[in-house]
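*Asks:* Take a look at the letters that make up each chain.
Protein chains: 2
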Amino acid sequence: MKSLLLVAHGSRRESSNDEVRQLTARLGSQAGNRFQTVNCAFLELAKPSIPDGIEACIQAGAEEVIVLPYFLSAGRHVIEDIPREVAGKQKEHPQIPIRLAPYLGSAEGITELLLGVAE
Amino acid sequence: MKSLLLVAHGSRRESSNDEVRQLTARLGSQAGNRFQTVNCAFLELAKPSIPDGIEACIQAGAEEVIVLPYFLSAGRHVIEDIPREVAGKQKEHPQIPIRLAPYLGSAEGITELLLGVAE
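Protein chains in written order, with our numbering: chain A, 962 to 1080; chain B, 962 to 1080.
Read the hints as simulated data drawn from the structure, not as lab findings.
Small disclaimer: the values here were computed from a predicted structure and weren't measured.
Take these hints with a grain of salt, some might be off.
Any copy, or any two copies together, can satisfy a pair, since identical chains are not distinguished.
As the list claims (entries may be wrong) - Keeping only pairs whose Cα atoms sit at most 20 Å apart, straight-line, the calculated EDC-like set for lysine to aspartate or glutamate is: (1) K963 <-> E1080; (2) K1008 <-> E1080; (3) K963 <-> E1005; (4) K963 <-> E1073; (5) K963 <-> E1025; (6) K963 <-> D979; (7) K963 <-> E975; (8) K963 <-> E980; (9) K1008 <-> E1069; (10) K963 <-> E1041.
Okay, chain A solo, but in the shape it has when bound (with noise of 0.2 Å):
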């Protein structure tokens, strides 16, 4: 089974990670039987780091883990940052493919999303 990570930058404002956490929740529930678990991790300021937040859901059992930024635009934490905590992560489990899904602002569905909002 795959486990969804949504990888977010993290906040000294626990509202805003609470907020990814909430998303996650919802995010849980509406994915049905598509992943064993949907989690959320972040690359600093909160936790569960991302190296954490892979080790759970491989200790959970997933077969695949998809790592998904929760980004809008392709900086350095994008390019570089959460691509390096992924690699080393899957250098200590080779067996598990641990996957990069493209980042939320990269999505073609994210200008439908933005008209809805504008109504």
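Go by the hints and put chain B onto chain A.
*Replies:* Structure of chain B alone, referenced to chain A:
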């Protein structure tokens, strides 16, 4: 006619600002006749500013301006900074409604979009 102004944070990386501009162009072509104009503005670090962006919509003949925060969490920028910029501009143009749309991260459909990206 209504004008849509997508408001992003702005980045020191010009490529991130360009990403917002390209998204805005896609948004404009998908909006059909729902908006007279679709433009973007930045809270900081890039141009145009939010007041300048709103002003451009009004000068182009907008009868209503929808300001849509391209932000993922309800931090200080979404809660205080953007509303303050909008309120200042509303005072200058009391006859043109300038409406603040919900920020992207609060859109209900974001879970569906994320699940699509994770496939």
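*Asks:* A separate judgement is required for each hint: does it hold in the structure or not?
*Replies:* Results for each hint:
For the identical chains of this complex, K963 and E1080 are inter-copy neighbours only, at 10 Å across copies versus 36 Å inside a copy, given an alpha-carbon limit of 20 Å. In the homo-oligomer, the alpha carbons of K1008 and E1080 never lie at most 20 Å apart, since the shortest distance is 35 Å inside one protomer and 25 Å across protomers. Proximity of K963 to E1005 under the C-alpha cut-off of 20 Å is found in neither arrangement, the shortest distances being 24 Å within a copy and 40 Å between copies. Proximity of K963 and E1073 under a CA criterion of 20 Å is satisfied inter-copy only: 17 Å between copies versus 27 Å inside one chain copy.
Proximity of K963 and E1025 under a CA criterion of 20 Å is satisfied intra-copy only: 5 Å inside one chain copy versus 46 Å between copies. Taking the shortest alpha-carbon separations for K963 and D979, neither the intra-copy value of 24 Å nor the inter-copy value of 34 Å comes in at or below 20 Å. For a Cα distance limit of 20 Å, the shortest separation of K963 from E975 qualifies neither inside one copy, at 29 Å, nor across copies, at 36 Å. In the homo-oligomer, the alpha carbons of K963 and E980 never lie at most 20 Å apart, since the shortest distance is 24 Å inside one protomer and 31 Å across protomers.
For the identical chains of this complex, K1008 and E1069 are neighbours neither inside a copy (29 Å) nor across copies (25 Å), given an alpha-carbon limit of 20 Å. For the identical chains of this complex, K963 and E1041 are neighbours neither inside a copy (24 Å) nor across copies (40 Å), given an alpha-carbon limit of 20 Å.
Hints 2, 3, 6, 7, 8, 9 and 10 from the earlier list are contradicted by this structure; the remaining hints agree with it.
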